[in-house]
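Colleague: So the chains spell out like this:
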Amino acid sequence: MFSEMLDLVITKEDVDAQIEVIDIVGDSLHRTRNKELRKWLMGLPVCDLTIAFEPTKEVLRDLGRWVRKNLNKEAVLRVAVDPGVIAGAEIAFKGRYKDLTVRAKIDDLFPFERAS
Amino acid sequence: MNVLKEFLDKTGEVGEVESVVQFVILAAGLPGATVGERVVFESGQHGFVTALMDDTIEILVLSHELPRVGMRVARTGEKLKVPTGEGLLGLTVNALGVPVGQKLRSLEGAQMREIEVIPAGIVQRKKISRPLETGTILVDLMIPIGRGQRELIMGDRKTGKTHLALRTVITQAKLGTVCVYAAVGKKQGEIKRVEEYFAKAGITDKLILVVSSSQDGPGEIFLTPYTAMTMAEYFRDEGKDVLVVLDDMSTHAKFYREISLLGRRFPGRDSYPGDVFYTHSRLLERAGNFINGGREAAITCLPIMETAQRDFSGFIQTNMMSMTDGHVFFDSDLYFAGRRPAINIFISVTRVGRQTQTNLRREISQMTLGLLNNYERTQKFMRFGAELSDNSRQIIRSGERLLKFFDQRISITVPVNVQTVLWALLWLGVWENTNMERLVVGYEKDAKLRTTIDNLVSGAGSAQELLTKIREGSEPLLGLLNSKD
Numbered sequence: 001m002f003s004e005m006l007d008l009v010i011t012k013e014d015v016d017a018q019i020e021v022i023d024i025v026g027d028s029l030h031r032t033r034n035k036e037l038r039k040w041l042m043g044l045p046v047c048d049l050t051i052a053f054e055p056t057k058e059v060l061r062d063l064g065r066w067v068r069k070n071l072n073k074e075a076v077l078r079v080a081v082d083p084g085v086i087a088g089a090e091i092a093f094k095g096r097y098k099d100l101t102v103r104a105k106i107d108d109l110f111p112f113e114r115a116s
Numbered sequence: 001m002n003v004l005k006e007f008l009d010k011t012g013e014v015g016e017v018e019s020v021v022q023f024v025i026l027a028a029g030l031p032g033a034t035v036g037e038r039v040v041f042e043s044g045q046h047g048f049v050t051a052l053m054d055d056t057i058e059i060l061v062l063s064h065e066l067p068r069v070g071m072r073v074a075r076t077g078e079k080l081k082v083p084t085g086e087g088l089l090g091l092t093v094n095a096l097g098v099p100v101g102q103k104l105r106s107l108e109g110a111q112m113r114e115i116e117v118i119p120a121g122i123v124q125r126k127k128i129s130r131p132l133e134t135g136t137i138l139v140d141l142m143i144p145i146g147r148g149q150r151e152l153i154m155g156d157r158k159t160g161k162t163h164l165a166l167r168t169v170i171t172q173a174k175l176g177t178v179c180v181y182a183a184v185g186k187k188q189g190e191i192k193r194v195e196e197y198f199a200k201a202g203i204t205d206k207l208i209l210v211v212s213s214s215q216d217g218p219g220e221i222f223l224t225p226y227t228a229m230t231m232a233e234y235f236r237d238e239g240k241d242v243l244v245v246l247d248d249m250s251t252h253a254k255f256y257r258e259i260s261l262l263g264r265r266f267p268g269r270d271s272y273p274g275d276v277f278y279t280h281s282r283l284l285e286r287a288g289n290f291i292n293g294g295r296e297a298a299i300t301c302l303p304i305m306e307t308a309q310r311d312f313s314g315f316i317q318t319n320m321m322s323m324t325d326g327h328v329f330f331d332s333d334l335y336f337a338g339r340r341p342a343i344n345i346f347i348s349v350t351r352v353g354r355q356t357q358t359n360l361r362r363e364i365s366q367m368t369l370g371l372l373n374n375y376e377r378t379q380k381f382m383r384f385g386a387e388l389s390d391n392s393r394q395i396i397r398s399g400e401r402l403l404k405f406f407d408q409r410i411s412i413t414v415p416v417n418v419q420t421v422l423w424a425l426l427w428l429g430v431w432e433n434t435n436m437e438r439l440v441v442g443y444e445k446d447a448k449l450r451t452t453i454d455n456l457v458s459g460a461g462s463a464q465e466l467l468t469k470i471r472e473g474s475e476p477l478l479g480l481l482n483s484k485d
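Residue numbers (this note's numbering), protein chains in the order written: chain A, 1 to 116; chain B, 1 to 485.
Worth flagging that the hints you see were computed from the coordinates, not collected in a lab. We put the CB at the ideal spot given by N, CA and C, even for glycine. It is possible that part of the hints are untrue.
Stated by the list, open to error - Counterexamples of contact, computed for chain A against chain B with all Cβ distances above 10 Å: (1) 8; (2) 30; (3) 38; (4) 52; (5) 95.
To be verified - Just so you have them, the derived chain A footprint on chain B, three or more residues with Cβ under 8 Å: (6) 6–15; (7) 21–30.
Generate coordinates for the entire structure from the input sequences, incorporating the hints supplied.
Modeller: In structure tokens:
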């Protein structure tokens, strides 16, 4: 219904910012439409990503594109930064969890050290 | 955090706390979660799944500190389990099987068992045929309990319900039965008193105390009787007889009501949820007399239930009455009239206990009940101020003597054969209810006296035969009972 909005909302922060705008103008213009838009934004599925670096806007857009192509075409990102993951990402979406980080690979290579 | 990560990797599923209402958590995610499964929160707390909704799951937290909204939660892939085994004997543990108090001990070698299991079916069960001695004369004689029976102990507060349970535990522990005492949502002071009482009786090596205090979370309190039953099942599977006391189930029902209302489940009668019957029956169904490797091993269960002002027609009370094999009713009126134990035998019921009695005990029970019936009826006449006949006066005298005989101090447990002999002496009118303890102590310590009493009882086929034998050979017994020192 509002798919044209998807380019504007890549991350959960974008969604929150849009909702804030709707809350400000909500009572003055297009009341019914705003209400529907707010509801749609609130219902967008969130994909949690933990990566090793602070992403730029371009990287975020690339990540968003990958997520929408592979997981859900309406998903928005909630990015957390943890340098401990080294590279790759931890992905959590709709209750499913995948650790696709270099840290996990290294842990698999040296299981004894991890245990100690 | 590492524990969470371990389970995230293991199950590949993650959830997020959406709301926290006291100890009930609603979390999104975890699509593969099942009811009863243990979950771990990011902050290290544990919980278990109590309900599954469309997009969320309901979790009951098992600690005082609560997770916050937004925290991650992981499935563990296993049901909630507690440690069981011989190593727990002598310990006081909480609802999760963790030792509490001074006597911390490693539980290495303990077998982890699921708290919620499907009760054994009819094929694994056997008719209740062995008596369970409680050490309380009135119960053993008039409301006998069998091994594997579920007998509800019911009555107003402070009428001596727990005392009966404690005495039964001590009697049974001394006879070698493994006992599990569950204190459900009790005050810390009460738990301490029970602990000390058992320690003083010297039976802790045969006992596990599973405790949750009123300050613990509702989750722990809710789990306490299930944990106790799980521990009992371990010993049953080892071929041992077990006695489980659940003190008390009315508190358990109240905490379950609290949990259900917080979980926004629809309230039913007295605001209890619709499945409160199932909650209790699936627990009590786990008790019974079982066949284990060709041998009988029983879990006898004594749930305790509080009533308000002698009203046993309450919702939970009637539920429990319908899922047990009888009830012992403690009457507050009798308590205030000075009767100890204040059991009303005319309201109390035992459905399977009588089939475990010997013919002699059954006959004695019938004779006693007949006399007490006559006594009650004659007493009613007395209230009208009617002049009584000699016969009625005799009934009143005998009834009063019998009731005095049933009065028993909490510290005294009377073995069944001693009960029988004392009853015979009383029935013959040759003993005046004095120094009962001497015979009990003598029976426990003097092997010769024990053999004499045991032979007297085992050699008698009927009450009349017993009375004849006692009449002929009562001298040494009366000498012991009536001696001055």
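Colleague: For residue 30 of chain A, is the shortest CB-to-CB distance to chain B above 10 Å, so the non-interface label stands?
Modeller: holds (29 Å)
Colleague: Count the residues of the region 6–15 of chain B whose CB lies closer than 8 Å to any CB of chain A, then report whether that count reaches three.
Modeller: holds (count 7)
Colleague: At 10 Å, judged by beta carbons, does residue 95 of chain A keep clear of chain B as stated?
Modeller: Per Cβ check, residue 95 of chain A is inside 10 Å of chain B; nearest 3 Å; violated.
Colleague: Examine the region 21–30 of chain B: at least three residues should have C-beta closer than 8 Å to a C-beta of chain A.
Modeller: holds (count 3)
Colleague: Check the non-interface label on residue 38 of chain A: least C-beta distance to chain B beyond 10 Å or not.
Modeller: Per Cβ check, residue 38 of chain A is outside 10 Å of chain B; nearest 19 Å; holds.
Colleague: Please verify that the nearest CB of chain B lies beyond 10 Å from residue 8 of chain A's CB.
Modeller: holds (25 Å)
Colleague: Beyond 10 Å from every Cβ of chain B: is that where the Cβ of residue 52 of chain A lies?
Modeller: holds (16 Å)
Against the hints set out earlier in the document, a violation occurs for number 5 only.
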